[in-house]
Structures are given as C-alpha cells and as structure tokens.
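There are 2 protein chains.
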Amino acid sequence: MSDSYSGGPQIVKTAAEMNTWALEALRAGKSIGFVPTMGALHAGHGALIERAVNENAAVVVSIFVNPTQFGPNEDFTRYPRPFEADVKLCADAGVDCIYAPEPAEMYAKDARTWVEVGGLADHLCGLSRPGHFRGVATVVTKLLSIVRPTRAYFGKKDAQQLRIIEVLTRDLNLGVEIVPCEIVREADGLAMSSRNRYLSADERREALVLHRTLKYFEERVASGERDAMKLLGELAEKIEAAQGAEIDYVAIVDAITLEDIAEIKGEVLAALAVKFGTTRLIDNIRVMVG
Amino acid sequence: MSDSYSGGPQIVKTAAEMNTWALEALRAGKSIGFVPTMGALHAGHGALIERAVNENAAVVVSIFVNPTQFGPNEDFTRYPRPFEADVKLCADAGVDCIYAPEPAEMYAKDARTWVEVGGLADHLCGLSRPGHFRGVATVVTKLLSIVRPTRAYFGKKDAQQLRIIEVLTRDLNLGVEIVPCEIVREADGLAMSSRNRYLSADERREALVLHRTLKYFEERVASGERDAMKLLGELAEKIEAAQGAEIDYVAIVDAITLEDIAEIKGEVLAALAVKFGTTRLIDNIRVMVG
Chain V
1 MSDSYSGGPQ IVKTAAEMNT WALEALRAGK SIGFVPTMGA LHAGHGALIE RAVNENAAVV
61 VSIFVNPTQF GPNEDFTRYP RPFEADVKLC ADAGVDCIYA PEPAEMYAKD ARTWVEVGGL
121 ADHLCGLSRP GHFRGVATVV TKLLSIVRPT RAYFGKKDAQ QLRIIEVLTR DLNLGVEIVP
181 CEIVREADGL AMSSRNRYLS ADERREALVL HRTLKYFEER VASGERDAMK LLGELAEKIE
241 AAQGAEIDYV AIVDAITLED IAEIKGEVLA ALAVKFGTTR LIDNIRVMVG
Chain Y
291 MSDSYSGGPQ IVKTAAEMNT WALEALRAGK SIGFVPTMGA LHAGHGALIE RAVNENAAVV
351 VSIFVNPTQF GPNEDFTRYP RPFEADVKLC ADAGVDCIYA PEPAEMYAKD ARTWVEVGGL
411 ADHLCGLSRP GHFRGVATVV TKLLSIVRPT RAYFGKKDAQ QLRIIEVLTR DLNLGVEIVP
471 CEIVREADGL AMSSRNRYLS ADERREALVL HRTLKYFEER VASGERDAMK LLGELAEKIE
531 AAQGAEIDYV AIVDAITLED IAEIKGEVLA ALAVKFGTTR LIDNIRVMVG
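Residue numbers (the working numbering), protein chains in the order written: chain V, 1 to 290; chain Y, 291 to 580.
You may find that some hints are simply not true.
Derived list of chain V stretches under chain Y, where covered just means 3 residues or more per stretch with a C-beta under 8 angstroms from a C-beta of chain Y [to be verified]: (1) 14-27; (2) 113-123; (3) 162-171.
Keeping only pairs whose Cα atoms sit at most 25 angstroms apart, straight-line, the calculated DSS-like set for lysine-lysine is [to be verified]: (4) V:Lys265 - Y:Lys399; (5) V:Lys109 - Y:Lys555; (6) V:Lys156 - V:Lys238.
No wet-lab data here; the hints were simulated from the structure. All figures in this text were calculated on a predicted structure; none of them were measured in a lab. Each residue gets a CB set at the ideal place from its N, CA and C atoms; glycine is no exception.
Kindly produce the complete structure, drawing on both the sequences and the hints.
Dropping the structure here:
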C-alpha cells in the first residue's frame with residue numbers, strides 16, 4: 001500500500017514495502033541517507049534532512065511516534081502529528097521516501113524483544129524516564145534494519161539518545177554510519193523541539209534560561225573554572241531564578257560514558273532537563289578541555 | 291584480510307569484509323543462505339548447509355564459538371575448534387564463504403548492548419543457563435546484521451534457541467527468513483551434537499536413553515495419553531533408569547510460548563536436558579495433537 005504525491009516523496013506504510021524499496025536502491029548502487037523522526041518536523045529536522053539530501057543518492061525520512069519510548073504518564077497521545085505539513089516539508093527538501101508505519105505494523109501484539117544498552121541509560125533522562133531508552137534503542141534497531149541506510153542522521157540535542165545509538169550501532173554491527181548534527185536554535189537561543197509548541201507565551205520566554213545557562217557554563221569553563229560541583233550549583237541557581245522552572249536534572253558528565261565527573265577535563269557534556277508547566281524541555285552543550 | 295583456498299570457500303575474518311562481500315552478492319541479485327555455527331561441524335550442520343546450498347545462490351557459514359553464551363562454569367575454553375576439518379566440510383559442501391571472526395573482532399572491549407527476548411528465556415535451558423539466550427540472541431542479531439542473508443538455517447535440536455531467534459527476527463525486523471531444519475541423528479538415535487565427542491563409551495551408550503524416552507513420549511501421545519503431569523513422571527522415571535544420567539530438566543511445553551502445559555493439546559514440545567558426567571546433552575520431539 002503506497003501513495004505517490006505528484007513530484008513528492010513516496011509514502012510507505014509497511015516494513016516489507018520499505019525494505020523492498022531500500023533493497024532496490026542498494027542494488028542500484030545508491031547510498032541511502034536516513035532521518036528517523038517522530039514527525040512534527042521543525043527546522044532542526046530540516047537541517048538533518050538537508051544534510052542527508054546533500055550526502056546521499058536517496059533519502060528516507062521515517063515519521064513514527066514510537067509508543068514504547070513514552071512512559072504511562074507522558075505525552076504519547078497528545079504528541080503533535082501534523083502529517084500533511086510534515087509531508088510538505090519533506091517534499092520541499094527533496095526527500096525520496098517517507099516511511100510512516102502504524103504502531104500495530106511496527107509492533108506485533110506479542111512483541112517481546114528489547115535492545116538494551118547497558119550503563120548509558122542509567123543517567124540523565126534515563127533516571128526520570130525509565131524504559132525510555134530501551135524503547136528508543138529497540139525502535140532505532142528496527143528502523144535501521146528495515147531501511148538499511150548508508151548513513152543515519154541524529155541531532156545533538158538528544159545527546160544521550162545519540163550516544164546510545166552510536167554504541168548500539170557499533171555493538172550490533174548494524175553497518176550504518178551515525179552522523180551527529182548540530183543543535184538548531186530559534187533566533188533567541190531556544191533549541192528547536194516539537195514540544196516547544198506546548199509552551200504558553202510566558203513559559204516560552206522563561207524557557208530561554210536553558211540556553212542562557214549553557215552559554216554561562218561555556219564561559220565559566222573558558223575562563224578556567226574546572227570544579228564541576230561548583231559549576232553545578234551555579235547552573236542550578238540560574239535555572240531556579242526563572243519563573244515556573246522546575247529542574248528535572250542539571251548534569252555535568254563525561255561525553256562518552258555519560259558518568260558524572262568532578263573535574264572539567266576532556267570531552268564534557270553539560271545537560272539540562274527542566275519542566276515549564278507540563279512541558280519538559282532538554283538542552284545541552286559540549287565543551288572540550290585540555 | 292582474507293585467505294582464498296583454491297576452489298574452496300573464501301575465509302573472512304572481519305565484519306567489514308563480510309558485510310562488503312554480502313553487499314556485493316546482494317547487488318548481483320544473489321540470494322544468500324546463511325548457516326551460523328560454533329564450528330566442530332557434524333552431519334547435523336551438514337544437513338543445514340546442504341539445504342542452504344540447494345536453496346540459495348550464495349552460502350555463508352559462520353564459525354564462531356560465542357563467549358557471551360557460555361556461563362562461567364561451562365565449556366567455552368574446551369569447546370572443540372577443529373577449524374581445518376570444518377573448512378574441508380564446507381568446501382566439500384559447496385559453501386562460498388566462511389565467516390570466522392575472533393572474539394575481539396566480534397565484541398568491542400566496552401560492548402554493552404544486549405538483545406533480550408522477554409519470557410521465552412525463562413524456561414527449559416534458560417533456567418540452568420542464565421544469560422545463555424541473551425548471548426545467543428545478541429550474537430545472532432549481530433551475525434544477521436553483518437551477513438544480511440535472505441535465509442538463515444537453524445536446527446530443531448536447539449528448539450528454544452530456534453523459537454527465540456524466530457521471535458527476535460520478527461520483532462527487530464531483520465528481514466531474514468528463518469528456516470527450521472529437522473534433527474539429524476546417529477544410526478542408533480543419538481542426536482548429532484558437537485558435544486557428543488566429550489562422552490566416554492559408557493556414557494555414549496547410556497545417552498541413548500534421551501531418544502528412547504522421546505520416542506516413548508510420542509507413542510504414549512499417539513495412543514491417547516493427554517495428561518502432561520503423568521507423562522512427565524514416566525519420562526523422568528525412564529531417564530533415571532539410565533546409569534549416570536543426571537536430569538537437568540524434563541519438560542512438556544507449548545511449542546510456541548514454551549510454557550508448561552497440563553494437557554497435551556495443539557503443538558507440543560517434549561524437551562530433555564540430561565548430564566552424563568560433565569557433558570550436558572539436550573534433545574526434543576514435537577507432536578501435534580487435535
């Protein structure tokens with residue numbers, strides 16, 4: 001079952017059809033660039049897609065709001081699904097194929113196989129979202145198996161997700177090059193997110209504290225501060241000063257292991273998760289020291 | 291790094307090289323048949339290979355004694371590794387490529403990704419071999435990703451392994467047809483196993499009790515017995531009569547869920563694991579009722 005939009009991307013609904021499409025592209029000697037998304041596409045996704053189009057002969061975007069990575073009290077049902085607008089963005093960007101399966105197509109009723117990336121999920125978002133990264137790791141393994149891309153593009157905003165995907169791709173020999181892409185921000189610094197649309201005008205303004213705090217971290221490190229505990233206190237204080245900001249975590253971790261560090265040294269990730277009302281936002285910055 | 295034996299299969303040591311070989315075969319429009327093994331090949335493997343050769347344009351056999359599926363007190367180090375004899379068997383059977391990676395090539399030092407098939411491991415061999423099926427599921431996922439076969443061939447002797455692989459292949463969308471193959475037996479009924487060579491002459495003779503017991507089960511069901519508890523008692527009694535036989539388990543389970551059943555009905559698996567000295571043997575039979 002596939003629809004063809006005139007001049008636009010082919011829309012594919014089943015794994016079998018997607019796999020056939022990908023095998024044909026491979027047999028034609030084409031490289032495949034793949035951008036897995038949950039839809040509600042914004043300029044951040046746009047940057048991933050643009051890069052995929054530039055670097056590959058064929059480009060697939062998946063649009064799938066993955067139920068297994070949402071907790072029972074999270075926003076699975078209200079997660080935005082503006083499918084027609086997403087298709088238009090893909091068409092304008094030169095995407096060849098959109099893979100948009102239904103949950104029942106993606107998961108058999110008695111599906112029971114999980115991909116677990118040990119250790120890396122026991123930090124940051126993994127603590128407040130139990131099972132989230134198991135769901136992410138599993139669906140990404142499935143998508144990479146179905147699409148068999150040459151390269152897959154992921155944003156650095158989801159830093160922990162990116163790290164987990166890098167490791168599972170290596171460990172399971174998925175044969176895909178994972179391409180990390182820079183965070184795309186609004187003009188005022190807010191990181192692009194499909195969840196930004198949940199924010200009220202007040203929350204939207206206060207949410208700028210995330211980027212401001214990360215820039216502050218970068219400056220403090222540039223000016224020689226190396227004490228992670230001290231910096232953590234300063235970052236938390238800055239965020240708490242914003243009205244309605246409820247900290248989920250403020251963390252300074254090794255960018256490879258995601259483990260807490262005491263001293264700023266090597267490749268370091270400062271990561272934040274903060275709730276404004278019912279909306280949880282994340283952001284991060286990476287610094288290299290020494 | 292690859293060796294070419296004149297007229298024999300190409301021998302490949304790295305995932306990258308194996309993947310390139312497979313992609314070339316795919317691009318040439320060839321179907322790939324795959325027989326994953328731990329080496330020490332016997333007529334059971336021979337039957338899998340023969341079928342793969344008959345049904346596919348190209349055939350890959352992997353030989354890899356997978357450390358992650360052995361427990362700390364199991365026979366990983368003493369597991370037989372008669373590589374030259376294995377190569378000869380493959381060459382004679384018309385295998386195109388042998389994939390024989392070293393453990394360090396297969397697992398990065400900090401490898402931490404596991405494929406877990408929920409539920410199916412909590413029965414039969416999973417109980418006495420904790421972690422075994424996690425190791426099997428993970429290495430099979432890796433091998434199927436590297437080799438990207440059209441079809442993969444597994445023996446029914448490892449009934450639980452086969453069931454787990456069928457489910458993970460479906461759940462992770464690996465796009466491979468899993469082909470179950472009949473158990474191959476010695477003339478006197480002993481199921482072929484690489485571990486049979488551990489048996490002393492006395493143990494070898496007593497080990498016939500496994501097949502005898504399974505045939506007895508089949509006859510009892512054919513003559514109308516439907517009480518699984520009663521049959522379990524009878525099977526255990528038969529095995530205990532053999533000298534030196536130490537039962538690990540005697541089980542009568544649903545062939546799909548591997549859960550214990552009370553009544554013989556539908557597709558039923560009778561499975562045995564019995565130790566003779568330090569050698570643990572398994573065997574099973576499947577009956578269809580109603």
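To see whether the hints hold, each was checked on the structure:
no. : hint                : in the structure
1   : 14-27               : holds (count 5)
2   : 113-123             : holds (count 8)
3   : 162-171             : holds (count 4)
4   : V:Lys265 - Y:Lys399 : 23 angstroms, holds
5   : V:Lys109 - Y:Lys555 : 23 angstroms, holds
6   : V:Lys156 - V:Lys238 : 23 angstroms, holds
Taken one by one, the earlier hints all hold for this structure without exception.
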